[in-house]
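Colleague: The primary structure of each chain is shown beneath.
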Amino acid sequence: MNPLRPQPPSDDEIDRLFARRIQDTTPEFERRWVDLKRALRQAPPRPRAPAWSLWLGGVTAGAALLVALLVLTPDRRPPPIAEAPSPALVELFALDAVLIRATPLLDAESRAELLHLPVPTPRQS
Amino acid sequence: MLFSSFFNLWLGLVWRVALDAPVPVDDTAAGDDDAVAMSRLARGDEQALQQLFDRWKLPLLNYFCRSLGSQAEAEDLTLEVFVRLHRAAGDYRPTAKFSTFLFLIARNLLRNELRRRRRKPAVPTAPDMFDTLAADTAVEARRLAELEEVFQLALTRLPEKYRTALLLLLQQRMDYAEAAAVLRITENALRVLVHRGRQLLKTAMEDSV
Chain A
1 MNPLRPQPPS
11 DDEIDRLFAR
21 RIQDTTPEFE
31 RRWVDLKRAL
41 RQAPPRPRAP
51 AWSLWLGGVT
61 AGAALLVALL
71 VLTPDRRPPP
81 IAEAPSPALV
91 ELFALDAVLI
101 RATPLLDAES
111 RAELLHLPVP
121 TPRQS
Chain B
1001 MLFSSFFNLW
1011 LGLVWRVALD
1021 APVPVDDTAA
1031 GDDDAVAMSR
1041 LARGDEQALQ
1051 QLFDRWKLPL
1061 LNYFCRSLGS
1071 QAEAEDLTLE
1081 VFVRLHRAAG
1091 DYRPTAKFST
1101 FLFLIARNLL
1111 RNELRRRRRK
1121 PAVPTAPDMF
1131 DTLAADTAVE
1141 ARRLAELEEV
1151 FQLALTRLPE
1161 KYRTALLLLL
1171 QQRMDYAEAA
1181 AVLRITENAL
1191 RVLVHRGRQL
1201 LKTAMEDSV
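Chains A and B supply the protein sequences, listed in that same order.
Start counting the first sequence at 1; every next residue gets the next number (my numbering).
Start counting the second sequence at 1001; every next residue gets the next number (my numbering).
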């Protein structure tokens, strides 16, 4: 070891250097603190929010988001495909158009009148 | 499917918010003067802020000074901590020691400052702003005075996580649990950081001596 080279620092020396502290603040720092305190007095701290308001806020926000999702989510079901109705279906529609007029007569006491409605003759195949 | 997963997520969020809801501080039972002062500050008591300032200004200045090596910047950040404290008083929950909360704020500010500093280097601290080291002999005193400059330089160059770990334990005299909470690591991880940090610091100082 080179005798001219200074000794490396020991753990104890490092601990003592860490323990060194600033003993007091500067007058400039204290003056800045007074100014800052005055400025902070103009803006008082935000009051603590009560627990129930957090609940209410959470529930409202969640419900609003849910509604927004329901409204804005596009319907992913495929649109119905338009097909040419079969002849049997056309006949059924015609029958339905006649029978629709009998809707008010479907009460039990009106069955007799229902029996006298003109019904188209079934198509001869 | 989408709605049920969203509903579960939202329910979990509401539950967490409810669990984290602020707990009112009982002035008589808190046992932590600083927590009580924060509660008073939230109610608009300006004396409470002065009380916190008087108590914590020097620990914060020491922490910032050693971390940054600049007294001017240390003073700026110390004042900024009290601005943040004032702003956060309404939301403060005494779930941990006040010093943990305070040094979490301080560390966040320090890291922001270090990010800013990468673009703009700072002026190093004059070593004589710290108190005189107690030494048994004149030779020892001279030796420590010489080491001070090397120490500050090596400390400033140490990665932030090692430096903060060493400062919280050796300068601020926090216990391991408290320092680990500030650093958001486990106590075992902190022990590793401190061991490696000390080694890095010694090596850097040996190279400079």
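Calculated directly from the structure, the hints in this document are not laboratory data.
Using N, Cα and C, we set each Cβ at its ideal position, and we do this for glycine too.
Careful, some of the hints might be misleading.
To be verified - Using C-beta positions, here's what the derived DEER-type ranges look like:
hint, chain 1, residue 1, chain 2, residue 2, range
1, A, E28, B, N1112, 49 to 59 Å
2, B, R1111, A, P27, 24 to 34 Å
3, A, T25, B, S1208, 27 to 37 Å
4, B, G1044, A, S53, 12 to 22 Å
5, A, G57, B, D1045, 25 to 35 Å
6, B, A1138, A, T25, 42 to 52 Å
7, B, R1093, A, L65, 44 to 54 Å
8, A, L65, B, N1188, 36 to 46 Å
9, B, D1207, A, A43, 28 to 38 Å
10, A, V59, B, D1175, 19 to 29 Å
11, B, A1138, A, S10, 16 to 26 Å
Colleague: Does each hint hold? Answer for all of them.
Modeller: Outcome of the hint check:
| no. | hint | verdict |
| --- | --- | --- |
| 1 | A/E28 with B/N1112: 49 to 59 Å | violated, 23 Å |
| 2 | B/R1111 with A/P27: 24 to 34 Å | holds, 30 Å |
| 3 | A/T25 with B/S1208: 27 to 37 Å | holds, 30 Å |
| 4 | B/G1044 with A/S53: 12 to 22 Å | holds, 19 Å |
| 5 | A/G57 with B/D1045: 25 to 35 Å | holds, 27 Å |
| 6 | B/A1138 with A/T25: 42 to 52 Å | violated, 30 Å |
| 7 | B/R1093 with A/L65: 44 to 54 Å | violated, 27 Å |
| 8 | A/L65 with B/N1188: 36 to 46 Å | holds, 42 Å |
| 9 | B/D1207 with A/A43: 28 to 38 Å | violated, 49 Å |
| 10 | A/V59 with B/D1175: 19 to 29 Å | violated, 41 Å |
| 11 | B/A1138 with A/S10: 16 to 26 Å | holds, 18 Å |
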